[in-house]
Amino acid sequence: MTQTEYFTSPQGRRLAYHRSPGKGPGVVFLGGFKSDMDGTKAVHLEAWAQATGRAFLRFDYSGHGQSSGAFTEGCIGEWAEDAMAAITKLTEGPQVLVGSSMGGWIALLCARAMPERLAGLVTIAAAPDFTEDAMWEGFDAEQRAELAANGQVALPSEYGEPYIITRRLIEDGRAHLVLRDPLTLPFAVRFLQGTADEDVAVSVALRLLEHATGPDMRLTLVDGADHRFSDPDCLRLIERSVEEVLERAGSA
Numbered sequence: 017m018t019q020t021e022y023f024t025s026p027q028g029r030r031l032a033y034h035r036s037p038g039k040g041p042g043v044v045f046l047g048g049f050k051s052d053m054d055g056t057k058a059v060h061l062e063a064w065a066q067a068t069g070r071a072f073l074r075f076d077y078s079g080h081g082q083s084s085g086a087f088t089e090g091c092i093g094e095w096a097e098d099a100m101a102a103i104t105k106l107t108e109g110p111q112v113l114v115g116s117s118m119g120g121w122i123a124l125l126c127a128r129a130m131p132e133r134l135a136g137l138v139t140i141a142a143a144p145d146f147t148e149d150a151m152w153e154g155f156d157a158e159q160r161a162e163l164a165a166n167g168q169v170a171l172p173s174e175y176g177e178p179y180i181i182t183r184r185l186i187e188d189g190r191a192h193l194v195l196r197d198p199l200t201l202p203f204a205v206r207f208l209q210g211t212a213d214e215d216v217a218v219s220v221a222l223r224l225l226e227h228a229t230g231p232d233m234r235l236t237l238v239d240g241a242d243h244r245f246s247d248p249d250c251l252r253l254i255e256r257s258v259e260e261v262l263e264r265a266g267s268a
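17 is the number of the first residue of the sequence shown in this note's numbering; add one for each residue after it.
You may find that some hints are simply not true.
Just the calculated beta-carbon pair ranges, DEER-fashion [what the hints assert, rightly or not]:
| hint | residue 1 | residue 2 | range |
| --- | --- | --- | --- |
| 1 | R30 | G109 | 31 to 39 Å |
| 2 | E148 | Y175 | 18 to 26 Å |
| 3 | A212 | R128 | 24 to 32 Å |
| 4 | R160 | F87 | 28 to 36 Å |
What the hints contain is simulated information worked out from the structure, not anything from laboratory work.
Quick caveat: nothing in here was measured; it's all calculated off a predicted structure.
For each residue, glycine too, the CB sits at the ideal point set by N, CA and C.
Build the full structure now, drawing on both the sequences and the hints.
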């Protein structure tokens, strides 16, 4: 297990990370909404990278895990800034990004903003544009009124305490949508999605596959897999997908 280290982003946020040295292209794990870098998938991939001699990075966005800031003060744009700062400061050369849930959206924003730093992309239950298409579109009139009046609304969560969704999160999300404008992914891409995912529907994965353009994109559906996508078979599929993307990038 690597040690937790910290760096300060150009925006002044103190971000926690674990970095393993190794050969490139390196692999960077991007976690989900209100998740952290100590999740099953991130730690499993770190062990895989160390066993194979591959450079690896996992980190916490601001307001997540061990990084500075309050979760309710964050937004998609800031978390994308955190990811780009981590890639720029803590890695060398092109990287394969592995984005889980919201991390899939963040990875797509990185691909749009800094394509020269990506060697490939693997997403796991990617949730692009979820603040608009899942949250805002799913709010009833009472919730929208509460958001307007109080600046936030509480949503139930299967993962613990309710999610506090802020008006800033919704409004900032609209400035970072990726499914409305052309999305070019000029490298190998593997989208992974479970059919039993109750947080991100299969239709989202299909829409992303249809919307994006690139020379080498594939979607794999896993029958019965849920949003966590963390059982042994799913973890091995993530490994194989990363290995395949690395092979396509010319560095198996």
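Evaluation of the provided hints:
no.	hint	result
1	R30 <-> G109: 31 to 39 Å	violated (25 Å)
2	E148 <-> Y175: 18 to 26 Å	holds (21 Å)
3	A212 <-> R128: 24 to 32 Å	holds (30 Å)
4	R160 <-> F87: 28 to 36 Å	violated (22 Å)
The structure fails to meet hints 1, 4 from the earlier list, while all remaining hints are met.
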